[in-house]
Amino acid sequence: MNAVFAAVFVVSAALFLLSDPEAFLPALLAGSEKAATLSLSLLSAYCVWLGFFKVLEKSGLSQKLSRLVFPAARRLFRSDDREALTLASQNLSANLLGLPGAPTPLGIKAVKRFEKSGNRYASDMLFVLNATSLQLLPTTVIALRVAAGSAAAADIVLPTLIATLFSTLCGVFLLRLFSKTPPHSRKTPPRPRKMRARLHG
Amino acid sequence: MKYFALAIPALFLALFLFALVRKIRLYDCFTEGVKEAVPLVLSVFPYLAAMLMLSELFERSGLSAALTSALAPAFRLLGIPPEIAKLVLLKPFSGSGSTALLSEILAQYGADSYIARCACAAYGSAETVFYISAVYFAGCARKSLIKPITIALFSNFSSVILGCLLCRVL
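Sequence order for the protein chains is A and B.
Per my numbering, the very first residue in the first sequence carries number 1; after that it's consecutive.
Per my numbering, the very first residue in the second sequence carries number 1; after that it's consecutive.
Hints listed in this document are in silico derivations from the structure and should not be mistaken for laboratory results.
Certain hints may be false.
As the list claims (entries may be wrong) - Mimicking BS3-like on lysine-lysine, the simulated pairs with C-alpha atoms at most 27 angstroms apart in a straight line are:
1) B:K23 to A:K34
2) A:K58 to B:K143
3) A:K64 to B:K147
4) A:K58 to A:K116
5) A:K180 to B:K147
6) A:K116 to B:K143
7) A:K58 to B:K147
8) B:K23 to A:K112
9) A:K116 to B:K35
10) A:K116 to B:K147
11) A:K180 to B:K143
12) A:K34 to A:K64
13) B:K35 to B:K23
14) A:K112 to B:K143
15) A:K112 to B:K35
16) A:K64 to B:K143
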């Protein structure tokens, strides 16, 4: 991240210096203004969803639901941290449902917990899943196409769905390929996971 | 589309009824959750601000345009129409920027043209990788995020290629 930030910043600043030095500061200010307004809209979305998720948690429903996906989530994230896995699987379901603003707070919390226990693989996995788009229905795209007067706005769904499924699978595969099994998951009794770890490790 | 709109209110209704049956103090519980929103936004804010300033610089300095024209031949080779190259480059940095760009492309080339369909597939199958990494790893003492970011960028890019290919066939 530091490298990307430095590279893009330095090259852009140099370009501004050569072409239009007066536009440099306005560009920065426009960015920070966007951050300020975006933070406010994020805040309002987080209020709704964090309230919702607290009720979900306190009512005991969240634990019930997570028990269903627990075995799969455990394998996927190579973690035994029940709370982090619950957060992560809720993040994934919120993504699949396309609930705007809902996945982020869950994802941040889950990544924090995974990182605290030193399980980088799990936080990388959650990030890759989120960053390769899991949304089932590209609602924004459909709305934009309808607004632009498309005759068949929904005919984009199938190619998009296939492509996004491919990107997610590709991301998961590459991450598995380039990751070692975290040492603490080796403590759990032998299961097929161990063989896979040896294959990729 | 209609049943999809039902999902969210139904979700809330089902959960709140369930919580009431379980004798949860709804108001206290809901506000307890809301309390976490401000610290969460504050913890993300510095990374968000830096990221958005960077994406603004990237676009306004002409760097994005220069990269677009430099990469256009390579994109054409991979089956990505050069008209959407800018969208593909901008998407990892900025969600709102690429949304604006997508509606421009839709208006310019017509919503049902091949280019517009490719743009939609590219937009829908890729994500704002840098933005998500800034937010999700906010406050984590990680030295390097090269591996997850590279993997995410590569996967997104290959899905754009696939999406453009599918638009031609489907």
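Checklist entry - Among the hints numbered above, which are violated by the structure, and what are their numbers in rising order? => result Numbers 1, 2, 3, 7, 8, 12 and 16 - these are the hints that the structure violates, sorted from lowest upward.
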